[in-house]
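With chain A fixed as given, assemble chains B and C onto it according to the hints.
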Amino acid sequence: MSVLLVLEERGGRISRTSWEAAAAVLRLAPANEVTAVVIGAQTESLANEAATKAFGKVVRVEHPLLAHYTSDGYCAALHQLIQKESPAYIVFPHSYQVRDYAPALACRIGQVLIGDVIDIADGPVFTRQFMQGRLNGSYRHAGGGPCFVSVQAGAFRPDVPDIALPDAAGATPIEAFAPSIDAAQIRTRPGEPFRGSAQTVDLGSAQLIVSVGRGIREAENLPLVQDLATALGAELAASRPICDNGWLPMERQVGSSGQSVAPKLYLAVGISGAIQHLVGMKGSQCIVAINKDPDAPIFEVADYGIVGDLFEVVPALTETVKASKS
Amino acid sequence: MIFALPTLAEPQHFSSAERLIFVALAAVSVWAFWNRFGIVLRKILQSKKDADFRLFPIGRRVWDFFWEVMCQAKVIRQRPLPGLAHAFVFWAFCAFVLVTLNHCATALGIGFLAPEGFISRCYFYFAAAFALACALGILGLFVRRFLLRPKWLGEMVSWESGLIALLIFALMATYLAAFFVTNASPAARVLWWAHTLTLLIFLPLIPHTKHLHLVLSPVTVFLSRGGFSRIPPLSGDEDFGLVAGKDLTQIVSLQAYSCVECGRCTEHCPANNTGKTLNPKQIVLGLRGYLNEFGPASEEPLLGKYNSQQAAFECTTCGACEFQCPVGIEHVPILVGLRRGAVNTGAWEDTHGAKLFLALERGSNALGIPAVERDKFVEKNALPLYDGTQEYCLWLGCMGGYDPKGREIILALVRVMQHLGVTFGVLRKEKCTGDPVRRLGNDLLFQQLAESNIEALAQSKTKKIVSICPHCVRTIQEDWKEYGTPPPVEHHSEFMARHRDVLPKQQGSEKIVFHDPCYLGRYRNIYDEPRAVASLAGQLIEAPRHRERSFCCGAGGGLAFLGEEHGERVSHNRAAELAATGASIVGAACPFCNTMFRDALAAQGAGAPQLLDIAQLAARVLPQDNAT
Amino acid sequence: MKIIAAIKQVPERDAQVRIDSAGKWIDEADLQYAMNEPDAYALEEALQLKEKAGGEVIVLSAGPERVGQTIREGLAKGADRAIHVVCDDLASRDALGVARLLAEAIKAENPDLILTGLQSEDLGLGQTGVIVAELLGLPHTSLILQVEKTDSGLKVKRELEEGWFQSIELPTPAVLTIQSGGTKLRYATLMGIKRAKTKEVRMVNATDLGVNAAPVVTLDAIMLPKKQKSTQILDGSAKEAAAALVEKLKFEARVL
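Respectively, the protein sequence lines represent chains A, B and C.
Quick note on the working numbering: the first sequence kicks off at 1 and runs consecutively.
Quick note on the working numbering: the second sequence kicks off at 327 and runs consecutively.
Quick note on the working numbering: the third sequence kicks off at 955 and runs consecutively.
Bound-form chain A, shown alone (with noise of 0.2 Å):
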């Protein structure tokens, strides 16, 4: 059996959830039956990336006209790669650009994506939630034909030792693929990614976050919360609402609409925990929800938690913090 895992770039390295995708796909087949797959127009570098697990093989699907992401190039590319491979599964992290590309791709060959998975049990049966989060449902792929599968982000554990490369092992090998794309088959014109606002915040790759919520009431308040971020050395983020309210820039957003994290710590200040926000921190290593309303959803995910007036909480801790670092 193979299985087909395609994984993405960011910041010229291969995206954290594209690994969170390679662990996935270890509940369908081994390691060494899977093919990673990195495509653009200069993937030598991911590729090597990728060689570093212990992957069957690493196929670079490189075109010129890959330079970059066009849904119509993608499809086109990875359609004739499965034509090639017939892979029984094909597995992609759940980005806003698999989003994009993937169920055209699954519906070329008349099959349907099973997106947005968040766990994979035998069978395979496939988990996703619907209904906002409320419900999960359990799918299966019918009939015959390769089962497209994209996995969530923060669902599975990106560092899974099954393919770290033994040191004793070779290099996994690396293999060419060159599609035949024309043109005049890619319709739309991508023009180069530009920034909401003039600063950058990399949230990203912060170790440590202090977010704000609603619960903060005016934007006169959010130097309460400032000074907890300074005392911990953390980046300041926020829910939706305070972002809308332009008491701080989009960028520092997280949630389904802004930034995806998952620090060390992820301090929540005053936020219920809507889904849209949940998805974007749940991934997080240690979740820490400060809230008056004892029901507030953030609970649901926190691993600590303080039922409080934030405007009580906040001060004391960022007092204590202080003082235990001094």
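If you are wondering where the hints come from, they were derived from the structure by calculation, not from laboratory data.
Idealized CB from N, CA, C, for every residue including glycine.
Among these hints, one or two may not hold up.
[Claimed, not checked] Below, simulated DSS-like cross-link-like pairs (lysine-lysine); rule was C-alpha separation at most 27 Å, straight line:
| id | chain 1 | residue 1 | chain 2 | residue 2 |
| --- | --- | --- | --- | --- |
| 1 | C | Lys1193 | B | Lys731 |
| 2 | A | Lys264 | C | Lys956 |
| 3 | C | Lys956 | C | Lys1153 |
| 4 | C | Lys1204 | A | Lys325 |
| 5 | B | Lys572 | B | Lys536 |
| 6 | B | Lys477 | B | Lys536 |
| 7 | C | Lys978 | C | Lys1180 |
| 8 | A | Lys292 | B | Lys681 |
| 9 | A | Lys322 | C | Lys1202 |
| 10 | B | Lys375 | C | Lys1148 |
| 11 | B | Lys702 | C | Lys1109 |
| 12 | C | Lys956 | C | Lys1109 |
| 13 | C | Lys1061 | C | Lys1153 |
[As the list claims (entries may be wrong)] From chain B, some residues computed to sit far from chain C (all C-beta separations above 10 Å):
| id | residue |
| --- | --- |
| 14 | Val354 |
| 15 | Val356 |
| 16 | Asp390 |
| 17 | Gly443 |
| 18 | Phe444 |
| 19 | Val483 |
| 20 | Thr535 |
| 21 | Leu611 |
| 22 | Thr671 |
| 23 | Gly689 |
| 24 | Val698 |
| 25 | Lys837 |
| 26 | Arg875 |
Relative to the frame of chain A, chains B and C by itself:
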């Protein structure tokens, strides 16, 4: 004795030339009067019919006419000194009807009150007494307007008011002076002519000035819709509220022409008092200006040249204007009507407003919080579900179901009800009553919410509702009627006041100032009940503005949801007044007032009084072992 | 420009969802429905494009009779006419099955642009628009916040992750899936509802469209999610709780 007093001198013989001059002048005067009055009358009559107008039951109308017009009760009660001065002018005018008719008839040789006759002499003295009071009254009003100049009368000095005052004074003076000359003296003839000319100048001035209220306001009071701030139903498929002149109804046009520009509405308007553009007097005068320029059939938008959309949406619908108005103008239905016109056609674009509407189109509460949060609250506090067997259906409302402070009020009321052994239950599902969208003029959404709630209540076989929110109470009882038959509803102040005698009292050292919510006081005429409840827990003191004159918290009319206000915050203005009473507790009886004052009192700094609902006041003196 | 806005009727966000007795789907008795919010944004974008550039907006929705209510809401907001694909077995079709219905209904109209929401609030598949494009052989792009008509086609603003955006140009006809929040929704008005009464709603029977309904992916069972973590609640005064938390973060979670 009476014959020792001077007799009214009135020339009894007029030459043909004099008669001719009198008739000619009178004809010119009447023509000048009608020339303007006829236009006004036509504009009113050509306005759209009020589809819901019913003359009967007429008793209420007769009483309003007697009390507000004949007794001048509202005029006097709300501004005692100028009110009394005005009343004397009014009563003198009434007394002068016969005198004036006789005065004119004399010139034509058909006078019916002989100066020497006993009855006529009595009547002339009677009129003279009023003339004296009127002359003093008008003098007082003159001094007030031109020397004291209260800002409610407008920044511009009204010369026309001065002229009118002068004419009224001249009428009275020429009448009174005639008691001190003899019939035969030339002075008598001079006084007669002076009185006549004053009269003939005065008459055409009436329809050309705000003194049109002399003629119109008694009719306006008599024909008013009745019911406080009652929003009339829309009629037919093309009625979206007050969009253009064609939507102005006869009653609205009549009211627009009746305004006497006294400014009482503006004086009490919370928006105007905190630096906003809304001026209820200008809204009414704006409609009058519109009618004068465009007329009642026009397609020209009402919110445009004469009135602004911004002003219309600054109204908290507190009803202080309408309550104060001495000439029967119903401001709130007009303001809500203008909003309906803007919202029902989609002309109103407001980020916060659209957010509120969308939250209620898609969800259950005005706060936009998932309904599951209400379920959790109900479950966590083990509130019984209403199953038709309990005495009361406890209506949580948006604030009681979702707002943490509102929930505290509900839980306090629950303790009181449990202490009293009164059975109650809450509905499994509840939607916003539609109060904010009703006042903001969204008829589509209001209808959906009202119908959905009425159906849910009917299914649950609800017999009686009790609510902590005066807005819910008002909307359920009055506004829902348009779409069905709501169960009887009462405010928790009424419920608790009825059981006051069996509730514990602990009138210690606490000084409690009670803030009358607009929708409980002016809208429902409930003033004593919440005070009776609040006094269980301490000594009551009053704020300068209380009961009927209570000052709004700023939340009504959907404004609690419309984001930051221009100018001073209404809530801060009121909170400062409440704090200045020196009370240790502000007693509230509305969760919206509560939410507004929460921050506003905090802004008063240290030592600001504590804010508690009357249910919390009643609950705090319950025995501790009863605590749940 | 002739624009089709494909909208879905979903359970109201506030609805209490219960699993039906078979454990296969939610109990639909007693449920109230609303227009899927991302679709409402798609419709809004369509209406704004029409207001700027002229043309026609057609609302398209598939589902049982109750969907008519959501269609009327779309007409009330300003769509010119509607197509209702009457279909009682929507829940048992997979994304491809539903997209086939919509694509068949769209073909006859030859629109310049097809807009739909990024995903539905009930199933949250986020695939239907993209598959419709593939079935119709049209270019598409997803997660769109703004649409602008140009001489050669469209220029759109696409949301990427982590606060990044991208402009994309593409020719028409095309399919776009719209992200919530790119524009402001209009509220429904009484005037809109009254005007909607006279607008055309064309009913098309799903069975008459002759598409394959057999699913490739099946939903076996639905269940309530397991609570994944146990939360330690730290009690005491603000000071005590703060001290306890720092202690735990240092020595138990070892993240400080």
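Against the structure, the hints:
no., hint, verdict
1, C:Lys1193 / B:Lys731, "holds (24 Å)"
2, A:Lys264 / C:Lys956, "violated (51 Å)"
3, C:Lys956 / C:Lys1153, "holds (16 Å)"
4, C:Lys1204 / A:Lys325, "holds (11 Å)"
5, B:Lys572 / B:Lys536, "holds (24 Å)"
6, B:Lys477 / B:Lys536, "holds (18 Å)"
7, C:Lys978 / C:Lys1180, "holds (17 Å)"
8, A:Lys292 / B:Lys681, "holds (25 Å)"
9, A:Lys322 / C:Lys1202, "holds (16 Å)"
10, B:Lys375 / C:Lys1148, "holds (22 Å)"
11, B:Lys702 / C:Lys1109, "violated (46 Å)"
12, C:Lys956 / C:Lys1109, "holds (17 Å)"
13, C:Lys1061 / C:Lys1153, "holds (21 Å)"
14, Val354, "holds (50 Å)"
15, Val356, "holds (46 Å)"
16, Asp390, "holds (32 Å)"
17, Gly443, "holds (66 Å)"
18, Phe444, "holds (68 Å)"
19, Val483, "holds (45 Å)"
20, Thr535, "holds (39 Å)"
21, Leu611, "holds (28 Å)"
22, Thr671, "violated (5 Å)"
23, Gly689, "violated (5 Å)"
24, Val698, "violated (7 Å)"
25, Lys837, "holds (31 Å)"
26, Arg875, "holds (36 Å)"
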